[in-house]
Amino acid sequence: MAPRATRTRIAVGAAALLLAAGAWISGLAERGARPPERPDVSFPKYPRQAERERIAARQTLPARPAAAGRTDEDPVELRDPFLRSLPLGDGDAFVVLEANALRHSRLGELFVQCVLADHPEAFAEIARETGIDPLKDVDRVAYAGRAVVVSGFFDRVKWDAFQKSANARSAPYGDGATLWTSEGDGEAVASWRDQLVIAGPIADVRRAVDQVEGRAEPRRKDVADDMAYGELYGVVPGAAARDLLPAEDGALAARLAAAAQRIELHVDAQDDVAGVIRVTGEPGQEVDDLARSLGAALSIARVKAAATDDAKLSALLEHAQVVPRDGGFTVEVALPADVLQEFFKDCGKRRAKPTE
Amino acid sequence: MTLRTLTVARDLLREARARRWVLALFAGITLLLVALGFGLELEVVDGALAAQRLFGGAMDRSIRPADVALRPLFQAAASIVFYGGLLLGISVCADFGPSLLAPGRIESLLALPVRRAELLVGTFAGVLALVLAGALYGGAGLALMIWVKAGVFNAGPIVAAALAAVAFSALYAAMLLSVVVVRSAALSAAAATAVYMIGLVAGKRAALAQLFSPGLRRSIFLAVTAPFPRLTGLADAALAVADGEPLPWARLAGLLLGTALFSAGLLAVAIALFERKDY
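As they're listed, the protein sequences go chains A and B.
Here the numbering used here is used: the first residue of the first sequence is 1, the next is one more, and so on.
Here the numbering used here is used: the first residue of the second sequence is 357, the next is one more, and so on.
Chain A on its own, in the form it takes in the complex (with noise of 0.2 Å):
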């Protein structure tokens, strides 16, 4: 046996050697790749500071104006003209859609390459022949009740052309707005400062106008400028909720119309859509029954995209949850933009296919 000192010697020579080594280890384990983080998704459940900025920014029309009775020393109260010209009855279901900022987004970027593949020119056409380019000048577009309401940067459109096209008359209507009505179908588009162009019913138009005029009071009241946050917003009524929702999901749709009387929705989609879904209805257990039914329908969801290795589908849906609030609850939920990047993937093939 060695003698004692050596042992020691040696004994004090390993440690230094094993705690070197672990140091070393540990370091490198430290910098070594971590595994990939579950994605984060913030849900749009308010406007955020851009959103804020963006809402003040288009608050540029009185909202009493002078012919409403406003005088010089009422403070002036600015509203949205385009979310004021919403031409909305009682039960009408409104969309609206950031259209500008759709298109600088990974599905907007997408819905412009398949349209491109299929159509090289379609957007120059379109630009040539009505003087709108709408990759530019569209900056959103609402679908509100049986009429479409526009906004944008209208100065270069060719009217004239419009009007033989579409053999319509052209009149003036109220103080900045121009209308084009045709001979039977009871149709008309107006188009208000070079800044909204308005089409539907002529009695929606005419409404549209004088709203964003003064001459009449928006019908609906729960038509705020601050809900203008996410890419895509709206509300619809419960009733009309039964078509939204896919055919093989019919008794949670026929569930929904009965219980929710109000469904205001608002969506991100700028990379992944997040979207938060506000059901409101009378307190009551058919309530808090359909919220349970909807939080199990994401749940099962979340266990099909798990059993199918859709990791990102997985890992998105675990942030969906239902929260329960007085009378109603709201629906919180994503989905990765590659789900829907599947809908793109036929683009271009129609361009390809050779002519018979």
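Simulated from the structure, these hints should not be mistaken for lab results.
Treat the hints with care, as some may be off.
[Claimed, not checked] A short list of chain B residues far from chain A (calculated; beta carbon distances all over 12 Å):
| hint | residue |
| --- | --- |
| 1 | Tyr493 |
| 2 | Arg574 |
| 3 | Ala624 |
[Stated by the list, open to error] Pairs of lysine to aspartate or glutamate residues, derived as EDC-like cross-links and limited to a Cα-Cα distance of at most 20 Å, are as follows:
| hint | chain 1 | residue 1 | chain 2 | residue 2 |
| --- | --- | --- | --- | --- |
| 4 | A | Lys304 | B | Asp423 |
| 5 | A | Lys304 | B | Glu601 |
| 6 | A | Lys164 | A | Glu125 |
| 7 | B | Lys505 | B | Asp423 |
| 8 | A | Lys312 | B | Asp423 |
| 9 | A | Lys312 | A | Asp40 |
| 10 | A | Lys312 | B | Glu463 |
| 11 | B | Lys560 | A | Glu30 |
| 12 | A | Lys345 | A | Asp310 |
| 13 | A | Lys312 | B | Asp367 |
Note that the Cβ used here is the ideal one computed from N, Cα and C, for glycine as well.
Please build the complex by placing chain B on the supplied structure of chain A, with the hints as guidance.
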């Protein structure tokens, strides 16, 4: 490890049992589990969590998959098992070393046909076996209790228990080293607590180093913390499992090996000092 080392470890476990240490350890863990069992009140409806309650108070009303909704609970459980288990281990094991080296006992042990290194390594292995059993009992008990109450199983607390047992090897090596220098239970606990604290810091050393201006101070900080086990890194692995993520195997293997080498290094110093001591 020699047969004689295993014999020393077995004798330590036998003695721990005879002196009711094992009973006290397992009774304490059982009491904690029972208290939590009565405190947790979970209601799970139709695969979605309708209400989550802790000690009778509503925590969250949202309806979401039960395994997702319970993740914070499993993460809390894994944290308690890991960090709490280490602290419990320090207090329970602080006296093991000093009693081993107590006058009257050490002489009889040294008279046995066992090398001093084997005596120290055997004691180390015996204590670690005891801690591993206690940790797994607590971790598995907690996971099973939540499974029975909520119908959701999560391996986070069990993984936390296993990793805590490995992390404790570093703490107990420091305890043995301090006992060889000065035979004091208090100093032994203080040494383990110091490694515990520095281990917590070492796990976040890259981020904490940014608090020092580049230069000598930062280099000293990084050099001092480099050999210590990354306790927060080990805990993070257990928390990842509790959060439904896969175990980060490659990273974890490095952290475990680093911890084992640190423990072996301290044990080697303790053996060197023990060899030179006259009793």
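Tested hints:
no.	hint	verdict
1	Tyr493	28 Å, holds
2	Arg574	15 Å, holds
3	Ala624	4 Å, violated
4	A/Lys304 to B/Asp423	15 Å, holds
5	A/Lys304 to B/Glu601	18 Å, holds
6	A/Lys164 to A/Glu125	18 Å, holds
7	B/Lys505 to B/Asp423	13 Å, holds
8	A/Lys312 to B/Asp423	17 Å, holds
9	A/Lys312 to A/Asp40	11 Å, holds
10	A/Lys312 to B/Glu463	64 Å, violated
11	B/Lys560 to A/Glu30	9 Å, holds
12	A/Lys345 to A/Asp310	18 Å, holds
13	A/Lys312 to B/Asp367	53 Å, violated
Comparing the model with each earlier hint shows violations of hints 3, 10 and 13; every other hint is respected.
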